[in-house]
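**Student:** Top to bottom, those sequences are chains S and U. Quick note on numbering: my numbering labels position 119 of the first sequence as 133, and the sequence is numbered without any gaps. Quick note on numbering: my numbering labels position 372 of the second sequence as 386, and the sequence is numbered without any gaps.
One or more hints might be untrue.
If several chains are the same, the list does not tell them apart, and a pair holds so long as it fits within one copy or across any two.
As the list claims (entries may be wrong) - With a straight-line cut-off of 25 Å between C-alpha atoms, the simulated SDA-like cross-links for lysine to any residue are: (1) Lys467 <-> Gly247; (2) Lys352 <-> His33; (3) Lys467 <-> Ser259; (4) Lys352 <-> Arg387; (5) Lys467 <-> Ala252; (6) Lys467 <-> Arg109; (7) Lys266 <-> Glu239; (8) Lys266 <-> Ser118; (9) Lys467 <-> Ile455; (10) Lys271 <-> Ser450; (11) Lys266 <-> Ser447; (12) Lys271 <-> Ala28; (13) Lys91 <-> Leu338; (14) Lys467 <-> Gly143; (15) Lys91 <-> Leu292; (16) Lys91 <-> Ser447; (17) Lys91 <-> Glu294; (18) Lys352 <-> Arg167; (19) Lys271 <-> Glu239; (20) Lys91 <-> Asp296.
Honestly, the hints are just simulated from the structure, not real lab data.
2 protein chains.
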Amino acid sequence: MNYMPITESMFLIAESREHPMHVGGLQLFTPPDGAGPDYVRSIVQRLRDQDEVSTRFRSRPADPVGILGNLWWTQDKDIDFEYHVRHSALPQPGRIRELLQLTSRWHGTLLDRHHPMWEGHVVEGLEDGRFALYTKMHHSLLDGVSALKTLERSLSTDPDNDDLRAPWTPNRSGKKRASGGSSLNPLSLASGALSIGGDALGLLPASAKVAVQAFRDHSYTVPFEAPRTILNGPIGGARRFVAQSWELERIKSVGAKVGATMNDVVLAMCGGALRDYLLELDALPDQSLTTMVPVSLRRDDDEVGGNRVGAIIASLATDIEDPLDRLIAVRQSVQSAKRVMSDLSPTQILALSALNISGLAFSPIPGFVSVTRPPFNVIISNVPGPRTPLYWNGSRLDGVYPASIVLDGQALNITLVSNNDQVDFGIIGCRQSLPSLQRLIHHLEDSLGEMEKAAS
Amino acid sequence: MNYMPITESMFLIAESREHPMHVGGLQLFTPPDGAGPDYVRSIVQRLRDQDEVSTRFRSRPADPVGILGNLWWTQDKDIDFEYHVRHSALPQPGRIRELLQLTSRWHGTLLDRHHPMWEGHVVEGLEDGRFALYTKMHHSLLDGVSALKTLERSLSTDPDNDDLRAPWTPNRSGKKRASGGSSLNPLSLASGALSIGGDALGLLPASAKVAVQAFRDHSYTVPFEAPRTILNGPIGGARRFVAQSWELERIKSVGAKVGATMNDVVLAMCGGALRDYLLELDALPDQSLTTMVPVSLRRDDDEVGGNRVGAIIASLATDIEDPLDRLIAVRQSVQSAKRVMSDLSPTQILALSALNISGLAFSPIPGFVSVTRPPFNVIISNVPGPRTPLYWNGSRLDGVYPASIVLDGQALNITLVSNNDQVDFGIIGCRQSLPSLQRLIHHLEDSLGEMEKAAS
């Protein structure tokens, strides 16, 4: 047994039937030419035969029942592969819609703590002949970014490589460990902030002072000033998951027209889509929605690369109707927040990020979300993914859509992955608070289309 | 909002991720001649359109989060039918095995308390063209027997009746209410025993005295004297579900040879199968396993029918190798237990049943199952089902297999339904404690076969 640090056990302690604390990834594949009707079944069988399992994928809480017992990890020697690797199928007519419905159901159920806390679902029956892999992993084992890296590591750049690698196979390639990118993940930042504990306390007033000064230039967004929306109430246990890809080129060329980054354009897309979505439900507040977004703070004059990451809060400019004005407002808000952070030391950045994220830490406290203003309205994470086409046993990866965690007060999470020449959006929401979530996909397209039209 | 009696709220309070408190039913259907590829899909659509919903199927706990809040029911006006009625499919090759795997997964996940607490899964993709309906209902709303009655009520004796009735449609036929048979259900008996509370306390010593006297004739089985087995440890959250039908005629003719009832033969089948199952795992105790089984106590000289039901504990004679000797020992044990009860008044019967069942009430107490001997080893319930062939929208009902509840200390539950000319067994177990549960099905067949051979 191994001691479990609070940064891991917090996800077990905070978990309840309304707040599952697992992350998911939905990967979509096109099988190679000549794949027969048994292709998917053979993949399931070959995955189950991969019985060499890394420590992480053999870990479960030593005492699954008690909260105090959750402080130790134990590693299972025998893995029940028939339990963990699941073969599934879509009902008629086998559209992406049926796939997303199934993923929504899976993402809304708790992982069993008596088994290592992960599941892999291989799905056949898409009408166009493709297949999917939905992987579900507990956040105490692996954060969202690491989970995506782990999935990516099992793929190959070689379409002819038929060495079917499983995500749980121990890493011997000497590649960077999967947890390398974890600091980009908001919940990891939250746990990092918690773990610095007392140290951060002394730093908070200093960085808060910096933030308040910056607030005076009106483009800096401070936490706990977000409007109340339907995105920010208590949540239920059921989920809606929707996903879609957009061409990276479209996003980049809109950005190039107004000097905005790819991240700015994506945030403006989300702002426009959320504006339309809330308008349709007659639930758009006058004040703009805000987003908490992890950003890279690396500057051109940095001598060593390093990993300067912070969590900023930015405006989504949902109070602005004009698409280009909205994009420019988002860009200004992001730049202002980055400017504040880039003048700080790495420890100060962590402390200010902790202040920005701190609202999340209160989510498990009953009633907290109903008496305070939201710290921000929605988390939008932009995760770097593969830069070249990838293959799995000869099957081409067509998309990878992250399904993250929603919380009381944060009923929506948008996570996107830049994947080769496209950007893959994975959107998870509380089923009860957020009706017709699939409308967001149409609104995202409309929002991008309007920016393209206005910029041309 | 309505006040929730303790007999209902106890199932919400006792529920945890390791102990889901829902009951399930798996129904298997053969579609009518000429049913097209869209047949199942059209059933799903027609079910979702049945928007008249009885109070029971609109009920959920008013405050789904707090334990204290679970004392009130609230009724939802708008039902999210896309959430409750789920269209699913089996992966290749679409055998009964794949159907049972899927059912096992569904039965191991918690119902969302933010929705009325039921789900219906319509499953296509069986290789033989049949389809299935798995229905999952929370025990606080409906016990297992009532759930089966509710499913049965939506069927018709007329193969040409294409009026697709949903289980949640309000009952206007004037038929007896579904809860009529509920007292045959062991968990309902347990809640009944709890609800009589103080009254029963005064009665217990008297009936315990009767039981102790009967114990002296050596064929009466008392609670808390069962051997420790792998069936009686703490459980995890994952489940295994297996199911099979046997011809009623085979069971009856074995019974006729030795003057045993259909229930005696079924218990002896289970005894023989559990003996073989535990022998294979090198886990058979010397002392015989015992079962808690609800029985009808109506005697021939009863003037009025009435519903005299008691919960007895009987030996499964797993210490006896010879199949006919085992059947005779089971019959004696059941008769002895019934004799004790039949001399009692209805209130005394309830009190003695409460004593027999009382072990279940301690299951939620942490550590209880590890320090005491089990009250009995396994619950086996025999539920009367339809006596004639039934149809649903022209589809013939081929089998109805109950999936009940397992608890700490009771990792296995066998529930059988007499259905027309067959007996349908539904067996649910804790996935972790009970490996290869599908072996039980083969052992049940062997056990019946051996009795037939010995009796011929």
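**Student:** Could you figure out if Lys271 and Glu239 sit no more than 25 Å apart (CA to CA) within one copy, between two copies, both or neither?
**Tutor:** So Lys271 and Glu239 fail the 25 Å test inside a copy (31 Å) and across (82 Å) alike.
**Student:** With identical chains, the pair Lys467 and Gly143 could be close in the same copy or across copies; at 25 Å between alpha carbons, which is it: within, between, both, or neither?
**Tutor:** neither (35 Å within a copy, 52 Å between copies)
**Student:** Taking 25 Å as the upper bound on the Cα-Cα distance, should Lys467 and Ile455 be classified as within, between, both, or neither?
**Tutor:** Close inside one copy (18 Å), not across copies (66 Å); limit 25 Å.
**Student:** Cα distance capped at 25 Å. Does Lys352 pair with Arg387 within a copy, between copies, both, or neither?
**Tutor:** Within one copy, since 24 Å is at most 25 Å while 65 Å is not.
**Student:** When Cα atoms must be at most 25 Å apart, do Lys352 and His33 count as within-copy, between-copy, both, or neither?
**Tutor:** For Lys352 and His33, the Cα distance exceeds 25 Å both inside one copy (31 Å) and across copies (48 Å).
**Student:** Have a look at Lys271 and Ser450 and pick one of within, between, both or neither, based on CA distance no larger than 25 Å.
**Tutor:** Neither: 33 Å inside a chain and 63 Å across chains, both beyond 25 Å.
**Student:** Go through the copies and call it for Lys467 and Gly247: within, between, both or neither, with a Cα cutoff of 25 Å.
**Tutor:** neither (35 Å within a copy, 66 Å between copies)
**Student:** What label fits Lys91 with Leu292 when the C-alpha limit is 25 Å: within, between, both, or neither?
**Tutor:** between (50 Å within a copy, 23 Å between copies)
**Student:** Treating 25 Å as the Cα threshold, decide for Lys352 and Arg167: within, between, both or neither.
**Tutor:** neither (31 Å within a copy, 64 Å between copies)
**Student:** If the cut is 25 Å between Cα atoms, do Lys91 and Glu294 qualify within a copy, between copies, both or neither?
**Tutor:** Between copies only: 22 Å across chains, 53 Å inside a chain, cut-off 25 Å.
**Student:** Given a CA cutoff of 25 Å, do Lys91 and Ser447 count as a within-copy pair, a between-copy pair, both, or neither?
**Tutor:** between (41 Å within a copy, 16 Å between copies)
**Student:** If the cutoff is 25 Å on CA atoms, where do Lys266 and Ser447 land: within, between, both or neither? Let me know, please.
**Tutor:** Classified as neither; 33 Å inside a copy, 55 Å across copies.
Of the hints listed earlier, those the structure fails to meet are numbers 1, 2, 5, 6, 7, 8, 10, 11, 12, 13, 14, 18 and 19, in rising order.
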